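Student: For reference, the chains in residue letters:
2 protein chains.
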Amino acid sequence: MVTMRDVAERAGVSIATVSFLLNDTKPVTPATRARIEQAMADLGYRRNVVARALASRRTRIIAMAYPALEHRFGMSTAEFFTAAAERAREQEYHLVLWPVGNDGVELRELLGQGLVDGVVLMEVQLADPRVEVLRETGTPFALIGRTTELDGLAHVDIDFDATIEAAVAHLHELGHRSLALISGDLADPRFHEYGPWVRSEAAYRRVMAEYGLRTVVEPCSDTPRAGREAAERLLQEHPDTTAILVANEYGALGVVSALKRLGRDIPADLSVLSLLMVPEVAALSDPELTFLRTPGSELGQLGIEALIRQLEGAAPLPPQLVPATLQPGDTVGPPPS
Amino acid sequence: MVTMRDVAERAGVSIATVSFLLNDTKPVTPATRARIEQAMADLGYRRNVVARALASRRTRIIAMAYPALEHRFGMSTAEFFTAAAERAREQEYHLVLWPVGNDGVELRELLGQGLVDGVVLMEVQLADPRVEVLRETGTPFALIGRTTELDGLAHVDIDFDATIEAAVAHLHELGHRSLALISGDLADPRFHEYGPWVRSEAAYRRVMAEYGLRTVVEPCSDTPRAGREAAERLLQEHPDTTAILVANEYGALGVVSALKRLGRDIPADLSVLSLLMVPEVAALSDPELTFLRTPGSELGQLGIEALIRQLEGAAPLPPQLVPATLQPGDTVGPPPS
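Top line first, the protein sequences correspond to chains L and A.
Sequential numbering of the first sequence, starting at 1, is according to UniProt numbering.
Sequential numbering of the second sequence, starting at 1, is according to UniProt numbering.
Among the hints, erroneous ones may be present.
As the list claims (entries may be wrong) - Derived DEER-like restraints, expressed as beta-carbon distance ranges: (1) A:Glu109 - L:Gly313: 43 to 51 angstroms; (2) L:His172 - A:His172: 52 to 60 angstroms; (3) L:Gly263 - A:Glu90: 46 to 54 angstroms; (4) L:Ala31 - A:Asp42: 34 to 42 angstroms; (5) L:Arg233 - A:Gly212: 49 to 57 angstroms; (6) A:Gly101 - L:Glu298: 21 to 29 angstroms.
Honestly, the hints are just simulated from the structure, not real lab data.
Since this is a predicted model, take the numbers as computed values, not measurements.
Even glycine gets a Cβ: it sits at the ideal position worked out from N, Cα and C.
Please construct the entire structure, taking both the sequences and the accompanying hints into account.
Tutor: Next up, the structure:
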């Protein structure tokens, strides 16, 4: 490997002078600069990221922060991360993954190390202590998700209103009038501020009211077992239900299992529509789920884009709300006649 | 934020002198060093990772490289990564995730940037071009998995022999004598060198021969649909099978679906034992799968440990082979009488 010493020898200057130039710590005359740059070119010296970082006061490293313990890193999170990592790399940034608690303590500690130029924050809570930490430390950041008070923060998110409108419209067109929502468990203290569940439930209530239909909401945490139990409760309390919307993806797998156990034919007796899901999870169900596809890749890329524009002083990316799109499957049909 | 300039002013030296000390580019007298260090302490100046990296020629950043396109980042990979990230952080390292192709081209490019001190390589192929790249570039590395020729390479892996022995012994004790393996699809060019499938299939053949039992192997790629098809083929060709071992986790979900579709009772008619799986995936099946738990957290931590010992010049970690452990579920019972 070519070192700074090699460059200094070839240029006929001291190592300290090369360091002055590379680290921008002391002015260097144009003639000396030219000699050093020529030597670097002759030797094929590539300034590594560390030297470049010290010179530019930037590391070109971005962190994606997501809550480690509160929400398991599943296939959907993987899709966000993989797309974000690829977009970052296209623009010559590195993406590091930071599993940090929701209270902001670990995030503050990590930021203090000076590793990253900015942060993309995932799984944003309606009131999020991590946003305060980012603000206080003056760290550039973008949100995938939304706090309640946005105050001009750079953000990208799912368009929950458009997503739920599309879901209800599809079922309504097929003739369904008794549509229940198996939602997230907002009573769970880890999730009572969890945007996707709060927003999808609110959108469901609003849209159903617009159609003049009755709302039924059954809370459920994000496991197949909880999904089975929620579906059993729902059918006991509201046996006339003909279509179930499910707001959490592992819960949806349990809903399908429970209906099969109860001897219900899907979709002849009951339709199941999963609201935010990736294809890999839909394929785990038998029959395969009809679902609204989470725009994970799009949001991962847009989140990185919003941040990099800040870092490079470009025009800010306007807030982006991306709807989930309906994907065909085998769990939705007309209601029983 | 306290800057190098603030330190220089307080110590009564030039910024260049502070830089000499921090970057170790030119000797500084003990008296000057003492003044600068006192000023740094007074002002609470914390050398950030970049300055420290330039001084020590180390970044304290480690990459975990995994094949992006060849193998989707699923729940098992997430378990490896999360455990590795936590262990790295305990030892004050950062872990970055590098999705790179199996041919080593992208890996070489990333290594050239000088970001990382070392690499943990996941999803190791039996003959792995990425290992050659790591060797040629002189990068310290550890493998999670094993190439055929190990030549003393630092590695940790699943103990496939012990895992398969435990699986077959368990089914044999219950009275099963017709045990088939639904294996990986080694005809797929992306996987013909994929260690976990090659090794588990070889171990199955060896152990069955020791028991004096007939071997049946059905290839299958890692999706529920492929699992359904493989199970259907298996039961047509070998209708006397009483227990199925499945070597790929999403395939196992399809095997359970297929048996239910065919009206077979699990486990009264047929037992299904998943060979390497995480609990989150086992819970996606109905009935929940009996499985041998992939030691993902252990291997993620051990892989980091093996690498950090190299980086810090400590005694090498001896190769670690960790068996998967049997976890109770609802898909294994005695054979039909």
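Student: Now tell me, hint by hint, if it's right for this structure.
Tutor: Taking the hints in turn, this is what the structure says about them:
1. A:Glu109 - L:Gly313: 43 to 51 angstroms: The hint (43 to 51 angstroms, Cβ to Cβ) is violated, given that Glu109 (chain A) and Gly313 (chain L) are roughly 27 angstroms apart.
2. L:His172 - A:His172: 52 to 60 angstroms: holds (56 angstroms)
3. L:Gly263 - A:Glu90: 46 to 54 angstroms: holds (51 angstroms)
4. L:Ala31 - A:Asp42: 34 to 42 angstroms: Check passed, 40 angstroms falls within 34 to 42 angstroms.
5. L:Arg233 - A:Gly212: 49 to 57 angstroms: holds (52 angstroms)
6. A:Gly101 - L:Glu298: 21 to 29 angstroms: holds (23 angstroms)
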